[in-house]
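So the protein lines, in turn, are chains A and B. Just so we're aligned, residue -9 is where the first sequence starts under my numbering, counting upward by one. Just so we're aligned, residue 104 is where the second sequence starts under my numbering, counting upward by one.
In case anyone wonders, no lab produced these hints; they're calculated from the structure. Just so you know, even glycine gets a beta-carbon here, dropped at the ideal spot from N, CA and C. Some hints here could point you the wrong way.
Calculated pairs, BS3-like style, for lysine-lysine (alpha carbon to alpha carbon, straight line, at most 30 Å) [stated by the list, open to error]:
hint, chain 1, residue 1, chain 2, residue 2
1, A, 54, B, 161
2, B, 150, A, 310
3, B, 261, B, 161
4, A, 310, A, 0
5, A, 310, B, 161
6, A, 0, A, 58
7, B, 150, B, 213
8, B, 261, B, 213
Stretch-level coverage of chain B by chain A, calculated; a stretch enters the list once three of its residues show a Cβ under 8 Å from a Cβ in chain A [as the list claims (entries may be wrong)]:
hint, region
9, 142 to 149
10, 152 to 166
Here is what each chain is made of, one letter per residue.
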Amino acid sequence: MAFALETLAKIGFMLLFMLSLLPALIWAERKGAAFIQDRTGPNRASILGIRLAGLVHPIADVLKLVFKEDVTPARAHRVLYSLAPFLVMSVALSTYAVIPFGDYLLVGGRQVPLVVADLSVGILYVLAVASLGTYGIVLGGWASRNKYTFLGAMRSSAQMISYEISMGLALMGVLLIFGSLRLTEIVAGQGALLFGLVPKWGVVVQPLGALLFITAVFAETNRTPFDLPEGDSELVSGYHLEYSSLRFALFFMAEYCNMVVGAALITTMFFGGWQVPWLPRQTLEQHGGALLTASLGLAAVVLAVAALLLMRRARRERGKFGDARDREPGLLGGVCAALALAAAAALLLRPWTIGPQAASVYATFAQVGAFIVKTLFFSWLFIWVRWTLPRFRYDQLMSLGWKIMLPLGLVNLAVTAVVMALS
Amino acid sequence: METTRIPAGTPVPGRPDSFRDVIYVWEVLRGLGITIRHLIRNCLHMKDLPTLQYPDEKRVYGPRFRGRHRLTQREDGSPRCVACMMCSTVCPAGCIHIIAAEHPDRRIEKYPAVYEIDLLRCVYCGLCEEACPCDAIRLDTGVYEIVADRRDKFVVGKEFLLNERERGTL
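This is chain A alone, in the form it adopts within the complex (with noise of 0.2 Å):
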């Protein structure tokens, strides 16, 4: 009963995380794009005047796309055209139940780990999901009887078997070198350190495995530079071309429930999952006290900068638009300073004097934090890309995989085992 009750906690968290993840991540595409583009990007939309930089957009998004008609063409295999959606987006969720998201939270004197399902071959499930991923996209351009929709699900099946080589032989290097395929032992090896010197992460032992990872989980997820399933300029917008209303917003949210999954399992088997750098659970546990008072510190100090700045920008641009959002940056000030104010006030409570117990729900914490730190930077380096780079011509799309990234996972899968044996 108390392991039925952890494990729908547990896939609550991960739902609440991934899906309020989403518009923050749009908010941060359509704003980035906008910055590095020196555009100002989502500014109008607003809620009795609150703005907060565009973020409200996505709620005016999501509202435009439930209103909308929801079309089905003519000819389109009706059943298959309505399943593709679900597909996609269940895909892109059960991911994630395997990613270990901390080590253990500790409730009632019992470790709770602070992952859904730890499969022995978790490793071999996130490469099965994902490639069932390909159904959706491939069901959906196919179902709708369009000759864009149907090239773009052609271009992603092939897309899709190329890239997952590459991608299962960077992965191998990884599994040779930590000796499973359960990613909570992945993770939990990537604690130690190299020499003494630099946490042993993925990315340290297998700079080659990490890169060629990277690459492939960019096609995998159709992202840009290997976004030609949707390629616009050539497909208009590829396989959910025919979609509209709330079956489009679920390829959409797939896309960046794909993003997120991508970036947790980039996250997992070469970034150290949840392991704060240099900083194992027994230091994070023993300096727990010390750590939390630095913690509750640094964040009342920053609010209270934040807090400043937006009481400054009030007072300099009073009566700017003479409308309700002229209160924007005083409120948001407020709750910053609230905020700091809050914090400040928890440090009366003499946080140095946590006991054990509320230690480890402190390292806990602070692993949590580092995994969704750390999560959020490979979205955005997902975004970033997209924004910098040009999409790959076909040919090029396929040279790369076929022709330079696997023959460099085979190299490196034999290099990997022979010092492997030898060591």
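Add chain B to chain A, keeping to what the hints say.
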């Protein structure tokens, strides 16, 4: 003309790809550096972005900017136009429609009974302004936000053009 087919895979003339270009990684990192520089600069200096927050801020145009037309008036408020048809003749878009009538003052001869401009057809070239012998039509209102919800509202008449206070919304 006969075209020569260039076989696929022929190298493009110009600088040959160096090793750095071929391995992608270095050039990708360089590109990422360029984009992040833009992003950071724009985050820190949001004021310097070239974007104009349009309805809140408006661009100031020069005094010679040709906006929506107006008809100038005599002291008594009647139009200076004498319905000579010069503007409607010279208009390349054919958007000016005038019906002349006899003016009670014999020295003036004619006045426009109807003076209509189709603002959707007008190309704002200013030839009517130059052709007019009486300085009766000018494009100096500076109004460029011309909005209506029906096509026929864009055909504006004499009263509208004579009224200095009329703005863009029809």
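Outcome of the hint check:
1. As the CA atoms of residue 54 of chain A and residue 161 of chain B are separated by approximately 29 Å, the hinted pair is consistent with the 30 Å bound.
2. Proposed proximity of residue 150 of chain B and residue 310 of chain A is supported: the alpha carbons are some 14 Å apart, at most 30 Å.
3. In summary, the hint linking residue 261 of chain B to residue 161 of chain B is supported, as the alpha carbons are separated by about 29 Å, within the 30 Å threshold.
4. Distance check on the hinted pair: residue 310 of chain A and residue 0 of chain A sit about 46 Å apart at the alpha-carbon level, beyond 30 Å; violated.
5. For the given pair, residue 310 of chain A sits about 14 Å from residue 161 of chain B by alpha-carbon distance, which is consistent with the 30 Å threshold.
6. A threshold of 30 Å between alpha carbons decides the hint, and for residue 0 of chain A with residue 58 of chain A the separation of about 34 Å lies outside it, so the pair is violated.
7. Restraint check for residue 150 of chain B and residue 213 of chain B: not satisfied, since their Cα atoms lie roughly 56 Å apart, outside the 30 Å limit.
8. A threshold of 30 Å between alpha carbons decides the hint, and for residue 261 of chain B with residue 213 of chain B the separation of about 15 Å falls inside it, so the pair holds.
9. Judged by the Cβ-Cβ criterion of 8 Å, the region 142 to 149 of chain B is covered by chain A as claimed, because 4 of its residues qualify and three suffice.
10. By the rule of at least three residues with a Cβ nearer than 8 Å to a Cβ of chain A, the coverage given for the region 152 to 166 of chain B holds, with 5 such residues.
Violated hints for the displayed structure, listed by number in ascending order: 4, 6 and 7.
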